[in-house]
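So the protein lines, in turn, are chains C and Z.
Counting in UniProt numbering, the final residue of the first sequence is number 223, and the numbers go up one at a time with none missing.
Counting in UniProt numbering, the final residue of the second sequence is number 262, and the numbers go up one at a time with none missing.
Keep in mind the hints are simulated off the structure, nothing from the lab.
Quick caveat: nothing in here was measured; it's all calculated off a predicted structure.
Ideal placement from N, C-alpha and C gives every residue a C-beta, glycine not left out.
There's no promise every hint is true.
[As the list claims (entries may be wrong)] To give an idea of the chain Z side of the interface with chain C (calculated C-beta under 8 Å), a few residues: (1) 86; (2) 88; (3) 96; (4) 103; (5) 109; (6) 124; (7) 125; (8) 128; (9) 169.
Residue-level listing of the chains:
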Amino acid sequence: MEEFAFAFLNGDILREAWPILWQGFLYTLALAAITVPLGLVGGVVLALLSTSGPRAIRLAAAGWTDLFRAIPPLVLLVFLYAGLPFAGIDVGAWGAVAIGFFLNTGAYYGEVLRAGIESVPRGQMEAARSTGLSRGQALRYVILPQAVRNVLPDLVSNTLEVVKLTSIASVVALPELLFQARQAQNATYNATPIVAAAVAYFLLLWPLVRLISRLENKALAGR
Amino acid sequence: MTSPAPSPSRGAPAPGLGRPIVDARGLWKRYGPLAVLKGVDLSVAERELVFIIGPSGSGKSTLLRCLNRLEEPDDGSIHVDGIELLSPRTDINAARRRIGMVFQSFNLYPHMTARQNVMLALRKVLRQDRAQAEAVAARALERVGLAERMDHFPAQLSGGQQQRVAIARAIALEPRVMLFDEPTSALDPELVGGVLNVMRELRQDGMTMVVVSHEMAFARAAADRVVFMADGEKLEEGPPAQIFGEPRHERTRAFIRQIDRH
Ligand SMILES: Nc1ncnc2c1ncn2[C@@H]1O[C@H](COP(=O)(O)OP(=O)(O)OP(=O)(O)O)[C@@H](O)[C@H]1O
Ligand SMILES: [Mg+2]
Numbered sequence: 001m002e003e004f005a006f007a008f009l010n011g012d013i014l015r016e017a018w019p020i021l022w023q024g025f026l027y028t029l030a031l032a033a034i035t036v037p038l039g040l041v042g043g044v045v046l047a048l049l050s051t052s053g054p055r056a057i058r059l060a061a062a063g064w065t066d067l068f069r070a071i072p073p074l075v076l077l078v079f080l081y082a083g084l085p086f087a088g089i090d091v092g093a094w095g096a097v098a099i100g101f102f103l104n105t106g107a108y109y110g111e112v113l114r115a116g117i118e119s120v121p122r123g124q125m126e127a128a129r130s131t132g133l134s135r136g137q138a139l140r141y142v143i144l145p146q147a148v149r150n151v152l153p154d155l156v157s158n159t160l161e162v163v164k165l166t167s168i169a170s171v172v173a174l175p176e177l178l179f180q181a182r183q184a185q186n187a188t189y190n191a192t193p194i195v196a197a198a199v200a201y202f203l204l205l206w207p208l209v210r211l212i213s214r215l216e217n218k219a220l221a222g223r
Numbered sequence: 001m002t003s004p005a006p007s008p009s010r011g012a013p014a015p016g017l018g019r020p021i022v023d024a025r026g027l028w029k030r031y032g033p034l035a036v037l038k039g040v041d042l043s044v045a046e047r048e049l050v051f052i053i054g055p056s057g058s059g060k061s062t063l064l065r066c067l068n069r070l071e072e073p074d075d076g077s078i079h080v081d082g083i084e085l086l087s088p089r090t091d092i093n094a095a096r097r098r099i100g101m102v103f104q105s106f107n108l109y110p111h112m113t114a115r116q117n118v119m120l121a122l123r124k125v126l127r128q129d130r131a132q133a134e135a136v137a138a139r140a141l142e143r144v145g146l147a148e149r150m151d152h153f154p155a156q157l158s159g160g161q162q163q164r165v166a167i168a169r170a171i172a173l174e175p176r177v178m179l180f181d182e183p184t185s186a187l188d189p190e191l192v193g194g195v196l197n198v199m200r201e202l203r204q205d206g207m208t209m210v211v212v213s214h215e216m217a218f219a220r221a222a223a224d225r226v227v228f229m230a231d232g233e234k235l236e237e238g239p240p241a242q243i244f245g246e247p248r249h250e251r252t253r254a255f256i257r258q259i260d261r262h
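Looking at chain C on its own, in the form it has when it is part of the complex (with noise of 0.2 Å):
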């Protein structure tokens, strides 16, 4: 008992990796901030782009999004930052991950939405168009409002997916919480510092959990 709190719940470590995981854990949020939002505008032009539109756009966003749907994250991200050099270009490991982020979140975004697209009645197009409105203004004032509304749950839930999914960053030496956490595991040759990383991500992202089941139990009563 006394091993296990010495190797995962020690304070002295804890004191002495702080500073480190604190910036790990700034560099996290710094990286939700950049990928939520690249995301989402991703996610609403292919959502945009399957629904309406041509026949061919259409279905070149749907290759698009099943592609990089069915392509690892940690591979995209491997391969930007470390495959493009080769070909002369060099994105940087923030770009790495802006890039390969804005690919993959817009893909999940993007099924999301247009599937929350699809759930709103035709009606309401035709009714906001038969009073004036551009197809873009009724998009923006009458459609996506109640799409949004529609897949709420799964958009908080995707949200929740991509904030974990940000700790990849590691393996492209950005130093947010995982990184760190390792950096100093290694200094100490101590456990302590994941755990404490755990801890952190858990409760960063516990309020998300309880929201999306909030959100849930409330499309079951409303239905």
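Since the structure of chain C is provided, determine the placement of chain Z with the ligands on it from the hints.
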């Protein structure tokens, strides 16, 4: 346009009334091999109320939806208030402000209150500022008897109230013509009267209207002209007394007998 006289001749579009508000000629619409409209003409004079009746699938909705280009005709021409609706140079969004439409299933925006439903196009199409749009929306909702319900969401309103909000949403833009596609078909019988009353008042205020509906009593009392459609063609038209009293075609007669039985 200069003749404000109420049309005493309740019949086919009287040539004396000047140019018609709606003038559709030779409309064709096909879905694959199925021809849904086969060269239909429809002309509606200012202040006229034209009723369109006919069996299910005869093309009534398609005809109506061509008149604001929710449906794209394959052939023919449509003029609304002098605008050539099918011309590629026409700004369809600008043209649609002059053409109000009311749908069978109301199609209110569920995430907006009654007033917000009415305000959206006032703000985004007519570019009114908030205060002005609020005032115009309030007036339109008063006109349909819903002053007390302005801040209710559609889900908090009865079907009849929702349909009246939908009418307010359309008339707030001051259209030159209103198109109604079975406005009372989705309503419980006791709620039909309220919607018909609003339509009657619109007519009294001089609104030009094209109505697809099975409300025969309303047609008899309020329509200037009744058009009977069958299989994508206009089979006959005339004043309600003629169409209901002495229809020329056997199909019209059969249809009216069948409707009257309900
Ligand atoms: N988008 C479409 N694709 C294929 N066929 C269609 C489409 N819309 C309408 N139709 C067909 O066109 C015909 C006319 O339809 P329309 O809705 O105009 O009839 P209607 O007279 O309004 O009938 P109802 O009284 O049932 O509303 C029908 O046979 C219908 O199945
Ligand atoms: Mg119809």
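Each hint, compared with the structure:
1. 86: At 16 Å from the nearest chain C Cβ, residue 86 of chain Z fails the 8 Å test, so the hint is violated.
2. 88: violated, 16 Å
3. 96: holds, 4 Å
4. 103: holds, 6 Å
5. 109: holds, 6 Å
6. 124: Holds: closest Cβ of chain C sits about 5 Å from residue 124 of chain Z, inside 8 Å.
7. 125: Hint on residue 125 of chain Z: holds, closest Cβ of chain C at ~4 Å, below 8 Å.
8. 128: Violated. Min distance 13 Å.
9. 169: Residue 169 of chain Z check passes; min Cβ-Cβ to chain C is 7 Å, inside 8 Å.
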